[in-house]
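From first to last, the protein sequence lines are chains A and B. Residues in the first sequence are numbered from 8 upward in steps of one, following my numbering. Residues in the second sequence are numbered from 8 upward in steps of one, following my numbering.
Any given hint could be a false lead.
[Said to hold, decoys possible] With a straight-line Cα cutoff of 27 Å, these simulated DSS-like cross-link-like pairs (lysine-lysine) come out:
hint, chain 1, residue 1, chain 2, residue 2
1, B, Lys68, A, Lys351
2, B, Lys68, A, Lys571
3, B, Lys492, A, Lys571
Read the hints as simulated data drawn from the structure, not as lab findings.
Protein chains: 2
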Amino acid sequence: MTTTATTLKGQPLDRQTLDSMLRRRMFYTPSFEIYGGVSGLYDYGPPGCSLQANIIDLWRKHFVLEEDMLEVDCTVLTPHEVLKTSGHVDKFADWMCKDPKNGEILRADHFVEDVLETRLKGDKEARGQEIVEKEADPKKKKKHQGKGQPAVKLDDAVVQEYEEVLAQIDNYGGEELGQLITKYDLRNPATGVQPTPPVAFNLMFQTSIGPSSNLAGYLRPETAQGQFLNFSKLLDFNTQQMPFASASIGRSYRNEISPRAGLLRVREFLMAEIEHFVDPQGGKKHHRFHEVEDEELVLLDRHTQLSGKTTVQKVTIGKAVRDGTVDNETLGYFLARIHLFLEKIGVDQSKIRFRQHMANEMAHYAADCWDAELLTSYGWIECVGCADRSAYDLSVHSKKTGAPLVVRERLNEPLIIKEWVIELDKKKFGPKFKKDGKAVEAAILATTQEQRESFASALKEKGSITVDVPEIQGGKAEVSQDLIKIEFRTRSEWTREYTPNVIEPSFGIGRILYALMEHSYWTRASEGGDEARGVLSFPPTVAPTKVLVVPLSSKDEFSPLAHKLSRKLRSLGISSRIDDSSATIGKRYSRNDELGTPLGITIDFQTLKDGSITLRDRDSMRQVRGEEAKVLAAIQSLVDGSKVWKDIEGELPIFEGQELDVPIR
Amino acid sequence: MTTTATTLKGQPLDRQTLDSMLRRRMFYTPSFEIYGGVSGLYDYGPPGCSLQANIIDLWRKHFVLEEDMLEVDCTVLTPHEVLKTSGHVDKFADWMCKDPKNGEILRADHFVEDVLETRLKGDKEARGQEIVEKEADPKKKKKHQGKGQPAVKLDDAVVQEYEEVLAQIDNYGGEELGQLITKYDLRNPATGVQPTPPVAFNLMFQTSIGPSSNLAGYLRPETAQGQFLNFSKLLDFNTQQMPFASASIGRSYRNEISPRAGLLRVREFLMAEIEHFVDPQGGKKHHRFHEVEDEELVLLDRHTQLSGKTTVQKVTIGKAVRDGTVDNETLGYFLARIHLFLEKIGVDQSKIRFRQHMANEMAHYAADCWDAELLTSYGWIECVGCADRSAYDLSVHSKKTGAPLVVRERLNEPLIIKEWVIELDKKKFGPKFKKDGKAVEAAILATTQEQRESFASALKEKGSITVDVPEIQGGKAEVSQDLIKIEFRTRSEWTREYTPNVIEPSFGIGRILYALMEHSYWTRASEGGDEARGVLSFPPTVAPTKVLVVPLSSKDEFSPLAHKLSRKLRSLGISSRIDDSSATIGKRYSRNDELGTPLGITIDFQTLKDGSITLRDRDSMRQVRGEEAKVLAAIQSLVDGSKVWKDIEGELPIFEGQELDVPIR
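Using the sequences and the hints, build the whole thing.
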């Protein structure tokens with residue numbers, strides 16, 4: 008399948024060729040493939056696993072260590088009550104319907120969307136208009152797009168109606184989606200019948216914990232909840248200092264209705280999430296914002312999208328926060344840090360944008376939310392979300408459990424509070440009001456400052472007050488001054504208590520990894536005129552293996568040298584692999600170009616004589632030659648990023664030797 | 008609770024004090040504690056998380072990188088069929104019974120064991136014998152040991168019977184456990200009633216994958232199966248070379264009936280597993296065995312245990328393999344490597360033993376199995392298993408799926424095969440035998456070499472043969488020489504096909520982590536005569552944080568220095584934390600002794616004058632003072648293990664300053 012996507016070198020990207028290369032080189036592989044596989048589940052082979060570990064390692068350095076975040080590791084198994092409180096049990100669902108004829112299960116919004124789009128396409132065809140493929144949207148799968156759909160012209164009014172429906176497809180609930188299916192008689196192209204009305208399908212995997220089967224649990228859909236529940240302990244650990252962030256790297260789960268799009272929509276995935284807790288007062292400033300304010304980001308804001316456009320603007324994050332495009336400094340700080348991280352691991356800078364969520368896309372409690380989207384052959388993919396979740400999560404868990412998930416801040420200056428205070432003589436209260444006592448008391452204590460003030464004057468004037476108590480007979484109670492005292496008092500408050508707000512950068516590691524593979528991929532013509540060969544130009548820091556060691560032949564005399572070299576590299580903390588197979592040097596190098604190995608060392612007959620070795624650059628295929636110590640120093644500086652290949656060419660003599668395609672044994 | 012366990016300094020270990028310290032310092036915490044918690048589920052806080060990451064990092068270097076293992080990352084979700092084939096659906100279960108009165112669920116073997124042990128104890132009391140507490144066995148929980156159990160004397164014969172039952176408690180199935188409960192009238196001490204007959208309780212968490220609920224799945228109980236299923240791809244990745252190992256680090260799950268013993272018996276845990284694939288021919292030699300053969304291990308072999316003893320022997324692994332105590336070199340190699348790993352991370356050398364599995368403890372297919380056990384306050388705990396799983400797993404999955412999970416080895420010398428070969432003229436076969444054709448053909452091809460030889464002579468003599476075909480009418484078929492040819496031929500076979508055997512070292516990271524915390528713990532008397540203070544003497548390599556930076560006071564002038572120092576340490580790859588809280592220097596240091604931070608830097612007024620800083624050693628509490636660059640160099644050499652504190656005292660002047668317990672603000 009050829010898409011409009013391009014490789015690192017601007018060539019048209021053939022996704023099928025890339026995918027087959029990634030699977031052949033075991034970056035990933037469908038899980039349980041010899042059992043037929045399970046859709047949405049993938050294993051990482053050695054290079055994928057190593058790439059993932061390197062991305063995680065950089066993530067930890069870039070975020071956790073750089074900012075002293077408190078990393079925690081919480082369980083995936085989560086009891087029902089926690090996710091009921093967080094809202095996931097009720098709301099973490101998609102609408103699905105079933106084709107009564109072939110039993111196919113359809114995701115309702117995708118289905119409505121697909122059928123309407125097909126009809127609009129048929130209409131355009133009938134009108135003889137050019138069909139412009141819209142920029143691929145990952146949420147819209149093309150499965151149901153009927154190829155044999157007849158070119159049927161629609162009324163202009165109908166076209167407009169369909170377009171309006173499509174524009175707000177994310178806003179419909181199940182009932183509305185069902186109404187659309189009936190109203191427009193939407194049928195499954197595979198069978199020609201209407202599917203059943205949509206039912207909610209919760210996306211969490213359910214299980215039960217313990218032998219008695221009565222403790223329902225789920226596999227977490229995000230790592231966030233574990234961090235929220237530990238808030239008070241983390242605050243203690245941080246010696247009560249605010250702001251601070253926790254972080255967590257771990258698996259999460261989502262029982263997708265029908266996972267497609269390879270590594271992009273899977274049922275089990277690795278997330279890296281940060282919960283930055285901040286005082287909601289004072290505009291959510293960030294003390295390191297000045298370090299990033301000149302960072303330029305490509306933004307697609309809410310207003311632009313509302314006007315139906317996707318025009319982006321490149322602005323500094325400083326400006327975006329100042330002019331209110333991005334809600335606050337802390338959110339802006341993290342958007343810039345996310346951008347720097349993606350740059351560091353090698354994501355193509357021309358394929359990043361930050362898209363702001365529309366008001367109706369966000370949870371009702373969210374203050375602002377931006378997604379870092381990466382352009383791939385599947386379109387723009389949400390890879391990192393960065394939301395201001397306000398005080399929502401801490402508040403609901405606190406309310407449910409009674410645990411005070413709050414910060415108590417000692418004030419330097421006390422707050423002076425002047426207020427009307429009520430004191431009740433509870434001993435006399437019982438005998439006087441009997442069973443109505445509690446209701447009367449509650450009604451009195453619920454009064455506002457204004458009411459209290461007027462009660463105070465009434466008490467002075469008449470010696471008693473009349474309180475509205477709707478719950479008791481008569482609806483009113485007379486309280487005399489021997490039972491109640493109302494005074495205007497002044498007190499000093501030395502502590503302030505508040506629920507922190509949460510800024511949450513949330514990374515889908517698998518999606519980033521996949522996008523990075525697409526962004527690093529290109530092909531080069533082979534010298535022999537064979538098929539073009541794939542190359543993955545990962546930066547050395549994230550490349551799965553840094554150095555390939557290639558003995559010229561599999562002769563026994565080369566083997567000890569190769570292993571000695573490999574041990575030396577290991578002691579420098581540089582990963583290497585020896586390929587002493589019988590394939591030609593050219594084949595062995597091209598295998599490692601596909602694995603993204605940036606450097607290659609050849610051991611040849613000259614090595615046996617003078618100990619010199621050659622070093623090859625994956626991207627230019629150029630080679631230098633030098634004594635071992637110098638080549639190792641060059642490798643170290645390339646791997647730690649302090650030098651680039653051009654520097655090395657200035658330091659060591661170019662080697663114009665062969666990259667042979669014929670076997671030498 | 009005081010046990011016979013001891014601290015690093017030989018003091019009696021008070022587990023409750025240690026546990027409360029570990030929880031206070033957030034090494035771990037019960038998951039969902041504000042919701043009341045779920046037994047068997049724990050979260051790691053920042054120091055636990057970091058300790059775990061450091062152990063994993065060392066594991067990866069020690070095993071994966073050192074031996075070029077192929078690391079894979081497979082899904083936790085596993086479909087039913089895979090675990091049915093592996094035997095887990097049928098056999099990965101414990102027997103449980105229920106108390107009909109209070110609904111309590113009991114693990115049957117633990118229940119029988121507890122009640123019988125209590126009776127034997129009562130008997131000893133009645134006989135006036137001393138009750139010697141057996142060495143704690145983690146499998147035996149003391150919960151049901153009745154404290155108020157009367158001292159009842161039993162018949163000598165009964166005592167012997169009980170003891171025989173206890174000796175083989177691991178051998179009983181559910182039915183037998185049920186019979187023991189009835190026969191000896193075993194009652195739950197909590198209620199005085201007999202529990203219901205045992206039923207099997209599978210220990211895997213079950214869920215269903217996808218929306219249609221018809222694909223049953225489990226959370227994996229081990230990472231191994233994912234590695235086996237990818238065997239052929241891994242062999243390809245390794246360019247068909249044997250032997251090789253795969254490795255995987257990830258969560259596994261076990262729905263324990265009633266988890267106790269803190270971090271040692273949990274429902275969700277991190278495992279690190281290696282599957283080393285080896286040719287079963289040639290005695291399973293290992294090419295690096297000579298590197299470890301002089302390594303001394305403490306072994307508790309099968310024969311010693313069979314004689315009812317726990318006497319260990321300290322021998323070199325070379326000797327143990329030579330005299331057959333350990334089955335083969337590859338298994339021995341890994342036992343030694345496991346030992347070296349445990350040593351490296353700081354496990355107490357006097358608290359490690361390798362216990363061989365009894366014949367009836369192992370799976371029927373296993374050739375040999377040893378557990379690395381670590382001594383803790385819960386007794387000897389299995390922390391690493393090292394089993395020779397033979398060809399079992401690859402064979403069963405291959406048989407079930409038809410995927411050839413085999414190695415095809417090209418031979419240097421061909422195998423010469425001489426044999427009787429049958430050729431059938433299939434064109435004539437059909438017309439002649441009609442519907443019986445296939446059965447006749449199958450019967451002919453199933454013949455042995457001997458039968459073929461006699462057929463050949465019969466064919467020569469009579470021009471036809473008579474074949475037994477029980478499936479067809481008459482049970483016999485006459486095959487004439489125009490349909491069949493039988494010849495004695497010689498051919499050369501250049502490849503050998505075999506199913507590799509698997510040696511599996513399997514690490515329970517959480518258990519190792521807990522044992523390490525116990526082994527590193529000790530207390531020291533505080534100077535003020537207060538309660539003794541806890542110290543965790545982790546080696547610098549695994550310590551969660553390497554350096555504590557302590558400004559003398561929280562004065563503003565110290566803060567920039569502290570942050571500059573922290574940045575410098577970070578650029579050296581050394582983790583640090585600043586504690587600029589208002590607590591005394593002494594309190595801040597003692598907080599970090601509890602966190603196991605090996606080094607501390609104090610910034611004081613002298614630092615402002617001449618830039619010098621002091622460096623404190625956690626274990627001796629001694630300090631040196633020097634200019635920043637020298638102290639940083641000292642820290643680096645301590646952290647990478649090239650120097651110890653004594654060396655540093657020889658290089659930098661001792662600082663006899665105060666470790667103040669009074670606030671200085």
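Subject >> Numbers of unmet hints, in rising order >> reply: Going through the list in order, the structure violates hint 3 alone and respects the others.
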